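K.L.:
First to last, the protein sequences are chains A and B. In terms of the numbering used here, the first sequence is residues 1 to 278. In terms of the numbering used here, the second sequence is residues 1 to 240.
Hints in this document: simulated from the structure, not taken from any laboratory. Treat the numbers as computed from the prediction; the structure is a model and nothing was measured. Quick reminder that beta carbons are idealized off the backbone N, C-alpha and C, glycines included. Worth double-checking, as some hints may not be accurate.
[To be verified] Below, a list of computed lysine-lysine pairs in the BS3-like style, where the Cα atoms sit at most 30 Å apart:
no.	chain 1	residue 1	chain 2	residue 2
1	B	K228	A	K275
2	B	K25	A	K103
3	A	K6	B	K129
4	B	K129	A	K274
5	B	K83	A	K2
6	B	K228	A	K274
[As the list claims (entries may be wrong)] For the chain B half of the interface with chain A, some residues (derived, Cβ under 8 Å), not all of them:
no.	residue
7	S66
8	G67
9	I69
10	G73
11	I91
12	T92
13	M93
14	D176
15	F178
16	S180
17	L182
18	D185
19	V213
20	F217
21	A221
[To be verified] Far from chain A, by Cβ distances over 10 Å, these chain B residues were calculated:
no.	residue
22	K16
23	V27
24	P63
25	E82
26	D108
27	F109
28	T111
29	E120
30	I133
31	E199
32	H200
33	D209
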Amino acid sequence: MKNFTKLVNFEFNRFLKLYVTLLIIVYGIQTAGVLFHTFKFKKLTNDIVMRGEMTELEFTEMYGVFSMEDFTMSSLYILPIYVGIAAIAFYAFFIWYRDWFAKHTFIYRLLTLPTQRMNIYLAKLTTMLLITLGYAALQIVMIAFHSKLTKWIIPQAFRYDYSLYESVNLTSQYSLVLTGNAFDFFIAYAFILTAIIVIFTAVLFERSYRWKGLVIGIVYAFIIFLLIVVPFTVMFLFYYQPRIYPEEALFIQLGIMLIIVVTSLFISRHLMNKKVSV
Amino acid sequence: MLMQYGKGREQMIEVKNIRKAFGRKKVLQGVSFTAQKGEITCLVGVNGVGKTTIMNAIMNLTPINSGEILIDGEKLTPATYEKITYIPDSITMLGTMRIEDAFQFMRDFYTSWNETRATELLNFFRLQKNERINDLSKGNKAKVNMLLGLALDVDYILMDEPFSGIDVFSREQITDVFTSHLIEDRGVLITTHEIDDVEHLIDKVVLLDDGIVYKEFNAEAVREEQGKSIVDVMREVYRP
């Protein structure tokens, strides 16, 4: 347990610089997007209302009020979120390959640590989850910050304020890491955890059997994908004469994911202990 | 013979009939030998004969197709890494680390880490703790790599080409290590092309050819009885 904690700390610190850079880029662009849309609206109110061409009421009747939706639907706001998620997904591979292909072959050291090799695996997995959760948590903080920004810039008469809960709900419609309620959070993170574990297993197949392993890994991931979509495919195929209902499909899917996670962990343990090669 | 006994069991690395193929290429075809604690054993063979593969197999860094490897009569477990260490031909620490960070890493994970010995080696190699690994010369990287292995209180040290591509003075410093107390009483398994540098230090030679152990001999005995150096024996095997 002590070694596991040390490894998590070590793995997280290795990514910290890149992580902070990623967060600055993603949330920097988002904030720039928020400022762009907010000031654009502010200019419109200045141009029309402040010059006396319209009253506040006439303006809001014609142009509407400014709300979070005015910037959350913009590409400057949405794209960075996906860029961040893509970068984190990429790191799920890179967290392994950097140990093999960096200038110095650190994998020799990692695999010869006097600790269970699964601790290395679990430390990398935990790091990935911490990165994802941190990313989502900061998104919530940024939503609150962006909301504050609009309040500072646009007078109350010209804006509609969503609560933080409503704002998170709005963003969660397109953000893969944010959810509106606890149950959705559980489902979303069950998916994310399963996806990371399947990626790790595929990587370990490749690191154990090289080209053959790459094929095995891709086939394995494809089979897992099919297994996950089966319940909902069945549901939609028989949409008008339901054989299974959405809730049932969801629970079947959760059951399948549990089996996938357990199987993948067993396979990974075997590969880490017996098959992986430097 | 420096064979030692501990807890009623021979203290040595036993490689028993190991086989390993990469695709269709059979690299090891039943390799067997032993490396005793307290001796320096040298694995010799031309390029591609499987010396590094044997080292990796001993450390469970590559799976073998068949055969068995025992350390002090037992199969390798995570705990074994407290009594055997591997110094490959490139440094196994992150380039972004300073030497002091590498020390901290080793201190964190190995109970066998000996800080006093590490500092002693640091002074011996004339290295600075605050130097970043990426900024070191190839020779100094090799020294840090060796330092990290030698500063562990382990019974066995595996070294893969410790003199590869480094200057003559660094080579001398590393050779000096072999005659010092830093190696004494430990079992060393080494692969090298630079036999001349270590010939006088080696106790036992394992000659590999065509995926098998072609010859296993005591260097001193061959020297005394047949008047041959290790290179002479190698010449007979590889250039008959």
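K.L.:
Each hint needs a verdict: does it hold in this structure or not?
P.N.:
Against the structure, the hints:
no. : hint                 : result
1   : K228(B) with K275(A) : violated (42 Å)
2   : K25(B) with K103(A)  : holds (28 Å)
3   : K6(A) with K129(B)   : holds (22 Å)
4   : K129(B) with K274(A) : violated (36 Å)
5   : K83(B) with K2(A)    : holds (20 Å)
6   : K228(B) with K274(A) : violated (42 Å)
7   : S66                  : violated (13 Å)
8   : G67                  : violated (14 Å)
9   : I69                  : violated (13 Å)
10  : G73                  : violated (19 Å)
11  : I91                  : holds (5 Å)
12  : T92                  : holds (4 Å)
13  : M93                  : holds (6 Å)
14  : D176                 : violated (25 Å)
15  : F178                 : violated (22 Å)
16  : S180                 : violated (24 Å)
17  : L182                 : violated (20 Å)
18  : D185                 : violated (21 Å)
19  : V213                 : violated (23 Å)
20  : F217                 : violated (30 Å)
21  : A221                 : violated (34 Å)
22  : K16                  : holds (18 Å)
23  : V27                  : holds (13 Å)
24  : P63                  : violated (5 Å)
25  : E82                  : violated (5 Å)
26  : D108                 : violated (5 Å)
27  : F109                 : violated (5 Å)
28  : T111                 : violated (8 Å)
29  : E120                 : holds (22 Å)
30  : I133                 : violated (7 Å)
31  : E199                 : holds (28 Å)
32  : H200                 : holds (29 Å)
33  : D209                 : holds (24 Å)
The structure is inconsistent with the numbered hints 1, 4, 6, 7, 8, 9, 10, 14, 15, 16, 17, 18, 19, 20, 21, 24, 25, 26, 27, 28, 30, although it conforms to all the rest.
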